[in-house]
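Student: Sequence:
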Amino acid sequence: MRRWGVVISVVYALIVVGMLLPLAVLLGGENGLLEARYYSDVAGAYGAWVTWVPVGMLVLGQVSLLFLSVDTTQKRLRPRASAWWSAAISGMLFMIVCVGALSSIAVAIWSDHFFDMVENVWLWIALALWAAWGLVFYIYLRDKVQALTGVVGWLLRGSVLELLIAVPCHVIVRRRNDCSAPVATSFGITTGIAIMLLSFGPSVLLLYKKRMDTLRAGQQRHTTV
534 MRRWGVVISV VYALIVVGML LPLAVLLGGE NGLLEARYYS DVAGAYGAWV TWVPVGMLVL
594 GQVSLLFLSV DTTQKRLRPR ASAWWSAAIS GMLFMIVCVG ALSSIAVAIW SDHFFDMVEN
654 VWLWIALALW AAWGLVFYIY LRDKVQALTG VVGWLLRGSV LELLIAVPCH VIVRRRNDCS
714 APVATSFGIT TGIAIMLLSF GPSVLLLYKK RMDTLRAGQQ RHTTV
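All residue numbers for the sequence shown refer to our numbering, where the first residue is 534 and numbers rise by one.
Source of the hints: derived by calculation from the structure; they are not laboratory data.
Among the clues, some could well be false.
To be verified - Pair by pair, the computed Cβ-Cβ distance ranges are: (1) 536 with 650: 42 to 52 Å; (2) 547 with 650: 13 to 23 Å; (3) 645 with 586: 30 to 40 Å; (4) 668 with 593: 16 to 26 Å.
The C-beta atom is built at its ideal place from N, Cα and C for all residues, glycine as well.
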């Protein structure tokens, strides 16, 4: 299962870097990402350090949830350490969902003025959301053995909700010909897709684990008989 975890992680990283990042630039359009402060074109997006912060967080989240799933099947993790790490990763991913959805709503309401409003506080808002979601997930995870299945389900539902918010907001800001607002909505759309895809990786391994456990139990019963 560890081998499959590595394969899924590599494929996911290639999708995020090779497909979703160019999609973000494309969604921004001529008045969006292409003229934003950090981006001039797709190549410029790859060269900007700010690009690799969310990309790194997404890939780290995928790898962590995958290998927590793998290690849990092999009974190698201490429950308390697993709960803290799982809560931190889950909180980080839900922080991305919230930032994408809330910023999409904000630019749809306040247009480009939103960036001036949060210029000095956006990082603190993100950290506060991360801490809040991390606490919620720690409380949820600490007394449960198979809680990762529930976390993956929450991530899938959260990503769908983010897309339902970000896509209409993107239409609004594009029709208004806003300058920088599409940066926020394209972030919301691409991270929503990324987290939706992310949730499928652990789901596949958890389903595979369930099938293997069923086969193992059947073999043990056959041996006993």
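Student: Now tell me if each hint is right for this structure.
Tutor: Hint by hint, here is what the structure shows:
1. 536 with 650: 42 to 52 Å: 48 Å, holds
2. 547 with 650: 13 to 23 Å: Given about 36 Å between the Cβ atoms, the range is violated.
3. 645 with 586: 30 to 40 Å: At roughly 22 Å between Cβ atoms, residue 586 and residue 645 fall outside 30 to 40 Å, so the hint is violated.
4. 668 with 593: 16 to 26 Å: 20 Å, holds
Of the numbered hints stated above, those contradicted by the structure are hints 2 and 3, listed in ascending order.
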